[in-house]
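Colleague: In case you want the letters, here they are:
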Amino acid sequence: QLQLQESGPGLVKPSETLSLTCSVSGGSISDDYYFWGWIRQPPGKGLEWIGSSYHVGTTYYNPSLKSRATISVDTSRNQFSLKLSSVTAADTAVYYCARLKTNSGFDYWGQGTLVSVSS
Amino acid sequence: QSVLTQPPSVSGAPGQRVTISCTGSNFNIGAGYEVHWYQQLPGRAPKRIIYDNTNRPSGVPDRFSASKSGTSASLAITGLQAEDEADYYCQSYDSSLTGSVFGGGTKVTVL
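Going line by line, the protein sequences match chains A and B. For the first sequence, our numbering begins at 1 and goes up steadily by one. For the second sequence, our numbering begins at 1 and goes up steadily by one.
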């Protein structure tokens with residue numbers, strides 16, 4: 001059974017960089033056909049796709065984040081990460097990592113981790 | 001404003017049928033991209049309950065069904081149960097944004 005687990009600081013200061021890691025177990029991040037993505041959910045609001053990355057090369061981002069997001073995949077550690085720069089209070093959210101198959105949606109999700117942006 | 005539009009809330013009595021609409025455009029649903037649906041129970045991560053427009057993953061009750069037509073899709077819950085009270089989201093791919101898009105979510109209340 002595939003499992004995903006987010007980790008990282010729960011509190012980030014404004015203007016700094018948010019960094020999260022998603023550890024994948026029970027399967028290989030190098031499997032073909034799957035992308036690895038980040039989705040966030042501000043308190044009391046809906047889901048927002050941040051970006052998705054294939055294990056080799058291809059990464060797509062939500063244009064609304066205006067190049068602040070970077071997703072990278074580490075196949076040696078079977079994990080992928082998110083960096084979001086220049087954060088503000090509007091970036092306070094529960095951040096989820098998930099596996100995406102393009103014609104099947106996000107089939108496995110992490111439990112989510114709350115990141116608050118505050119001084 | 002979400003790219004995919006859902007009603008904020010729907011409600012029904014136990015045993016009734018409710019439907020949730022998801023309206024997109026010719027850049028996403030209307031372009032033929034698949035629609036997927038997720039259930040999010042309070043305080044939990046979303047769970048996929050429909051994929052590729054109409055398919056249920058193993059373990060999802062058959063009271064959940066979905067359809068797609070033109071630039072819209074819909075999720076139906078028949079025989080509504082108390083445990084179905086949750087937020088529901090549709091999701092697809094958008095070619096103008098080159099990525100995944102979610103609906104704004106619909107809260108289902110069991111009266």
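I should point out that these hints are in silico values taken from the structure, not numbers from a laboratory. By construction, the Cβ of each residue, glycine as well, lies at the ideal position given by its N, Cα and C atoms. Check the hints yourself; a few may be wrong.
Unchecked claim - Covered, in the sense of this in silico footprint (three residues per stretch, anywhere, with C-beta under 8 angstroms from a C-beta of chain B), are these stretches of chain A:
(1) 17-25
(2) 58-69
(3) 79-90
(4) 107-115
Colleague: For the stretch 107-115 of chain A, do three or more residues have a beta carbon lying closer than 8 angstroms to a beta carbon of chain B?
Modeller: That given contact holds, which follows from 5 residues of the stretch 107-115 of chain A lying within Cβ reach (below 8 angstroms) of chain B.
Colleague: If you look at each residue in the stretch 17-25 of chain A, do at least three have a Cβ nearer than 8 angstroms to any Cβ of chain B?
Modeller: Since three or more residues must qualify, the claim that chain B covers the stretch 17-25 of chain A is violated, with 0 doing so at under 8 angstroms.
Colleague: Please check whether the stretch 58-69 of chain A has three or more residues whose CB lies within less than 8 angstroms of a CB on chain B.
Modeller: holds (count 4)
Colleague: If you look at each residue in the stretch 79-90 of chain A, do at least three have a Cβ nearer than 8 angstroms to any Cβ of chain B?
Modeller: Check failed, 0 qualifying residues.
Figure legend: structure checked against the earlier numbered hints; hints not met, in rising order: 1, 3.
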